[in-house]
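Asks: My request is simple: use the sequences and hints to build the entire structure.
Letter by letter, the sequence shown follows residues 1 to 252 of the working numbering.
Treat the hints as calculated values from the structure; they're not laboratory data.
Please note that a few of the clues may not be correct.
[What the hints assert, rightly or not] Cβ pair distances, simulated, as ranges:
| hint | residue 1 | residue 2 | range |
| --- | --- | --- | --- |
| 1 | Arg150 | Asp175 | 18 to 28 Å |
| 2 | Gly72 | Lys13 | 13 to 23 Å |
| 3 | Ala144 | Pro178 | 22 to 32 Å |
| 4 | Gln80 | Ser179 | 35 to 45 Å |
| 5 | Lys230 | Lys17 | 30 to 40 Å |
[To be verified] Quick list of in silico lysine to any residue cross-link-like pairs, SDA-like style, CA-CA up to 20 Å:
| hint | residue 1 | residue 2 |
| --- | --- | --- |
| 6 | Lys76 | Val12 |
| 7 | Lys192 | Ile205 |
| 8 | Lys69 | His46 |
| 9 | Lys233 | Glu249 |
| 10 | Lys82 | Glu62 |
| 11 | Lys69 | Leu42 |
| 12 | Lys76 | Tyr214 |
| 13 | Lys6 | Lys32 |
| 14 | Lys251 | Arg236 |
Just so it is clear, CB atoms sit at the ideal spot from N, CA and C, and this is done for glycine as well.
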Amino acid sequence: MHQTVKAKVSSVKKIAKDTITMDIQHEYLANKTAPGQFLHILIQGHTLRRPISIADVNKEDETVTIIFKVIGEGTKRLAQYKQDDLLNVLGPNGKGFPTEDLTDETMLLIGGGVGIPPLHYLGKHLAKNSEANIVSILGFQTKAHVFYEREFQSFSKTIIMTNDGTYGEKGYVTDILPSIEGVSRYYTCGPKPMMQAVTEQMSHIEGYISIEEYMGCGIGACFACMIQTKDEKGYRKICQDGPVFQANEVKL
Numbered sequence: 001m002h003q004t005v006k007a008k009v010s011s012v013k014k015i016a017k018d019t020i021t022m023d024i025q026h027e028y029l030a031n032k033t034a035p036g037q038f039l040h041i042l043i044q045g046h047t048l049r050r051p052i053s054i055a056d057v058n059k060e061d062e063t064v065t066i067i068f069k070v071i072g073e074g075t076k077r078l079a080q081y082k083q084d085d086l087l088n089v090l091g092p093n094g095k096g097f098p099t100e101d102l103t104d105e106t107m108l109l110i111g112g113g114v115g116i117p118p119l120h121y122l123g124k125h126l127a128k129n130s131e132a133n134i135v136s137i138l139g140f141q142t143k144a145h146v147f148y149e150r151e152f153q154s155f156s157k158t159i160i161m162t163n164d165g166t167y168g169e170k171g172y173v174t175d176i177l178p179s180i181e182g183v184s185r186y187y188t189c190g191p192k193p194m195m196q197a198v199t200e201q202m203s204h205i206e207g208y209i210s211i212e213e214y215m216g217c218g219i220g221a222c223f224a225c226m227i228q229t230k231d232e233k234g235y236r237k238i239c240q241d242g243p244v245f246q247a248n249e250v251k252l
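Replies: Quick look at the structure:
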């Protein structure tokens, strides 16, 4: 259950080109967050909150980690927060990744850019609670954009793809999918065109997608983040019914 809290910034660091990691300390957030949920953060000087996925949780330190790309005035201002500054945070929000009925077969994490962070906390959870073989395929624009490679390697076989081939293998995450055998379930988050391509290629396998979207209220009251179901008989609220959906449930 989400609630609004005043949380303390415990660290801020640049980890790749235009990419910031921030640790936020608060007991409630650290103990109530599930893989795939997000925080809705009020940034000083801006009216609308910013939804940012949770990349990690440290219950001992009572911190949650977010990773975001500086792409506008809001995230630029957020990146300027310093240690011990207070943030107005609504969270943890949304429905996360299903992690019940875990198998001991291969589970695949497929991420692109700032869609990668929520897969990190998910992967740690899967590794801790199952004997599954975890494979992570992470896509970036260039070498300068790569982050969290070592963190993913701690619990999975990790393949890095870059669009221009300056690091890892050249190409897109979908280029490598045919070579991964025995996959029983996949989880993906990233740009919509990437997820469209992934879900088409992996249509024969159980899958879950996490959708990143601009939001108004973040709690399902304003109807600003609706997405159509594939049967075209209804809509879902990304902030409340998602951001995680079954791959065959909604139309990207």
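Asks: Evaluate each hint against the coordinates.
Replies: Tested hints:
1. Arg150 <-> Asp175: 18 to 28 Å: Since the Cβ atoms of Arg150 and Asp175 sit about 23 Å apart, the hinted range of 18 to 28 Å holds.
2. Gly72 <-> Lys13: 13 to 23 Å: At roughly 20 Å between Cβ atoms, Lys13 and Gly72 fall inside 13 to 23 Å, so the hint holds.
3. Ala144 <-> Pro178: 22 to 32 Å: With a Cβ separation near 28 Å, Ala144 and Pro178 satisfy 22 to 32 Å, so the hint holds.
4. Gln80 <-> Ser179: 35 to 45 Å: holds (43 Å)
5. Lys230 <-> Lys17: 30 to 40 Å: Roughly 36 Å apart at Cβ, these two residues keep to the hinted range, so it holds.
6. Lys76 <-> Val12: holds (13 Å)
7. Lys192 <-> Ile205: This hinted pair holds, its Cα atoms lying about 19 Å apart.
8. Lys69 <-> His46: Cα-Cα ~17 Å, so holds.
9. Lys233 <-> Glu249: Answer holds: Lys233 to Glu249 is near 11 Å, not above 20 Å.
10. Lys82 <-> Glu62: Holds. Lys82 to Glu62 sits at ~18 Å (cutoff 20 Å).
11. Lys69 <-> Leu42: Between Lys69 and Leu42 the Cα gap is close to 16 Å, so the pair holds against 20 Å.
12. Lys76 <-> Tyr214: holds (16 Å)
13. Lys6 <-> Lys32: holds (15 Å)
14. Lys251 <-> Arg236: Holds - the C-alpha atoms of Arg236 and Lys251 are around 10 Å apart, at most 20 Å.
Comparing the model with each earlier hint shows no violations; every hint is respected.
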